[in-house]
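Asks: The chain contents come next:
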Amino acid sequence: MQPEVIQSLLQIGPTHYLVLGATLFSLGVLGFLVRSNIIVLLMCIELMINGAGITFITFCRQLGSLEGQVFVLFAMVVAAVEIAVGLSIVVLVFRNRSTLDADKMEVLKW
Amino acid sequence: MVEGRQVFDLLWLVPAIPLFGAIFNCLLGARAGNLIVSIVGCGSIGLAFALSVCIFRAFLDLPPEDRMIEFCVFQWIAAGNFLAPIDLLLDPLSMAMITMVSGVSFLIHVYSVGYMEKDKCFARYFFYLNLFVFFMLTLVLAGNFLVLYIGWEGVGLCSYLLISFWYEKRTAAAAGLKAFVVTRFGDFFFALGIMLVFVQFGTIHFHSVFEDPAKVIDSRMAMWIALLIFAGAVGKSAQIPLHTWLPDAMEAPTPVSALIHAATMVTAGVYLVARCYPIFELSPVSLQIVGITGLLTAFISATVALVHTDIKRILAYSTVSQLGHMFLALGVGAPAAAVFHLLTHAFAKALLFLGSGAVIHALHDEMDIRNMGGLRQYIPATFYTFTIGALAMSGIPGLAGFFSKDAILHATFVNGGFLMWALIVITASMTGFYTFRIIFMAFFGEKRWDVHIHHPGTVMVIPLVLLALLAAVGGYMGVPHVLGGGDRISNFLAPNFGNPEVHATAEPSNKGVALAAEDETAVVESEEAAESEKVLEGVTAETLAEGEGHAPAGSPEMLLMLVSAVMAFSGVGLAYFFYVTPEGREVPAMLSDKFGAVYNILTNAWYFDKVYKAVFIDTYMLMSEFFWKAVDTAVIDHAVRGVAGSLLGGGSIISSLQLGLVRWYATVMVLGAIIIILYI
Amino acid sequence: MEQIFFYTAFAIAVISAASVVLQNKVMYSALSLIITLLTVAWIYAMLSAPFLAIVQVILYAGAIMVLLLFVVMMFRYDETEHKRLRPDLLGVFSVLVAVIFAGVLVSLFSCSCFENAPVPADFGSIKSIGSVLYTQYLVPVELASVLLLVAVVGAVMLAVKR
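As they're listed, the protein sequences go chains D, H and B. Residue numbers are given in the working numbering: position 22 of the first sequence equals residue 22, and the series is strictly consecutive. Residue numbers are given in the working numbering: position 144 of the second sequence equals residue 254, and the series is strictly consecutive. Residue numbers are given in the working numbering: position 121 of the third sequence equals residue 911, and the series is strictly consecutive.
Take every hint as true, because none was put in to throw you off.
Listed next, the in silico DSS-like pairs over lysine-lysine satisfying Cα-Cα at most 25 Å (straight line):
#	chain 1	residue 1	chain 2	residue 2
1	H	LYS288	H	LYS720
2	H	LYS720	H	LYS704
3	B	LYS951	D	LYS104
4	B	LYS815	D	LYS104
5	H	LYS288	H	LYS723
These are calculated hints, taken from the structure and not from any lab test. Just so it is clear, the structure is predicted and the values come from calculations on it, not from any experiment.
Please work from the sequences and hints to get the whole structure.
Replies: Right, here's the structure in full:
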């Protein structure tokens, strides 16, 4: 390995954090696509939100402004709301259709 | 003076108060009860009238050259260089009009309270009526063409609504429709005229357009504009060939006929031409067309009025005829006389209509004069007022109609030539005949009815009396010089039309540019007058010499007056002979037998309606049939169904993409994101 | 020192996130997600956002995950997961996601102008965040509280048995 590459790997900068954020986000997307359990789908959404949050925080430190942190705070609030409402919907769906499989919920199909 | 200015600032209230009344009656009228509705309805118009009288007084205090007040209410449309503020213009012409309109409207409103008291749609009636007054006042106060057009269409709308007021009656609904369509025909041309004005002048503001139109347009363009505007006036004022709606409009309640179809709306056309007179002046051809149209209308409709038996239709044809007089006056270069006649006619005709309304009311909706008779003892107040109106109408000396009609006759004689004059004098005589035919048939003779008479209430009689007063003395605002009067109406209107004396004669000779000096015109006038007079009466040289001397138009005018008065009296006398004296009784029937063809033409109103039906309606029906069968079902329906079918097919293809699977949607989203990222 | 912390956190986060995606059992997924969220809190702390790190632990790893686990435990095991991951799906979607990820990385490295910026002394302290939150972002904060209230009411309304 070339020394510059090692150097840049050792010198932790914003890029590293951004790569981490992108990785988490991508894993969330992947999970959303391959899984079919609604609860897991909700979890994958959380993963995506966290990936985006890391990106936010990185940039906000880079730019020296607190707006990013505030945004992440609001994102957390919204995530909490989403989980609360989403889970109650899941419970309701399960009660009516006895399944958690998203692939089986296709009554909206035309 | 300062106070006067303040009064002018209230000008916008003159139309606004009736509008308020209309809105009130529209929203709350049905619940408020008849008493409140009539108070609001009449009160708003009364206030407007009082206000316009105040403004009038302040207006008279102004020196004549200042009598042009503009008042911008608000900016309405501003698109590029097209500016259309809602602005009002107060000059002598509109001043005279608003006073007349609000005054007559007020009286008719009061009358309506009595006439309509039994009607279940009392509030609706007053809503329409107030709305009409609002639009009419807007029309006459307008400071630019667009505002005038708003008023113009607005009165058309109200006219339609009021003609079809008793919409359960099929004929009433049809008559309203007819009025609407026929006047729309003229309005279309009027709108084109406005557009042409804008294209030519770059503005639609009256003041800037009429400042000096000769600078901007030549006589040819002036003719086009003038003719387009005149087409609008023809529709609205029921001139030949668009007059057919007015007689049918008599389906409206009688006060409406008095207000809209006699005194105000139908005169809007006259007002319009008078307002646009500077443009008409530029084009002698258009003035001739206006004059000839007016003359023909006056003559033809007067002949029709001779034989009709429906009291309201007689009056309607008479209105058409009198409007023809006004247009004739405009055409021969006497706009002041036209406006004068407009005012006196408004009083007289409103009076006649209201009187006929009282008669109809008394006889339980009987409109055929053959079924009346002997009413003189039963409803004396109506009889006397009606007679005054009829006298004023026929031009009996001393009453309003005489002076105005005489002014028109004089101008026609001087500028229009002998033939036109003769025709119009005959028409004047016919006017006397048919108005007194009504009187003699309705009020004299034996009674040909057997119903319990329905006496008009006080609210109906008071307006009649007031209008009779106006019809009797209204003429004294324009007593010509020869009779020792001041001809005040012409002087008052001078800022609008220039010096009436100059106009009257300079018009035909130097084609619109009224520059001839006072002396010259005097000589020209007296010479012309004298010449024609020689033809007529074989006048002596002394008269000629006298005419050339100090009194420019003195004796010939006097003589003309005498002739017209004699003609009017002869008409009245003939009516008396035909319908009262025993030996004359048989004559009408005999005449109609003898001249059956002529009689048929007249009773069918010169076949205008039948020809129109054959030419326009039947053709239209045929065309409609063709388009229905050949175009609509064959082409359009198939096209529509084809479009619908293809959409349905396409939709079913696309809808197969809607799997209802969350995963599928997410995948598509991700694919979209990939495309965006690759693009970046 | 920073390198060790970062790479450790990186490894834990990625492995646990992958475990969220790949575990067949929902309960395992949920537990892995808790680990991921805690690691993210760690990262926040490294990125001079101590307040957010704390909130992350309390709100996410605490409240939200407790809620999730409760719901997971409400269902019987065989009901929650009776469908195995399909390898063909996994392959196709991995490629898709890899494309996105690669695109992001490319755009990230194509502008490698990111140097560590100097950070103010009390950047991200609770005091500074609070002052921003309750002055500049007062209205959104209030709206967020309303949103939470609505969510609570809505969740109750939905879940209540009729």
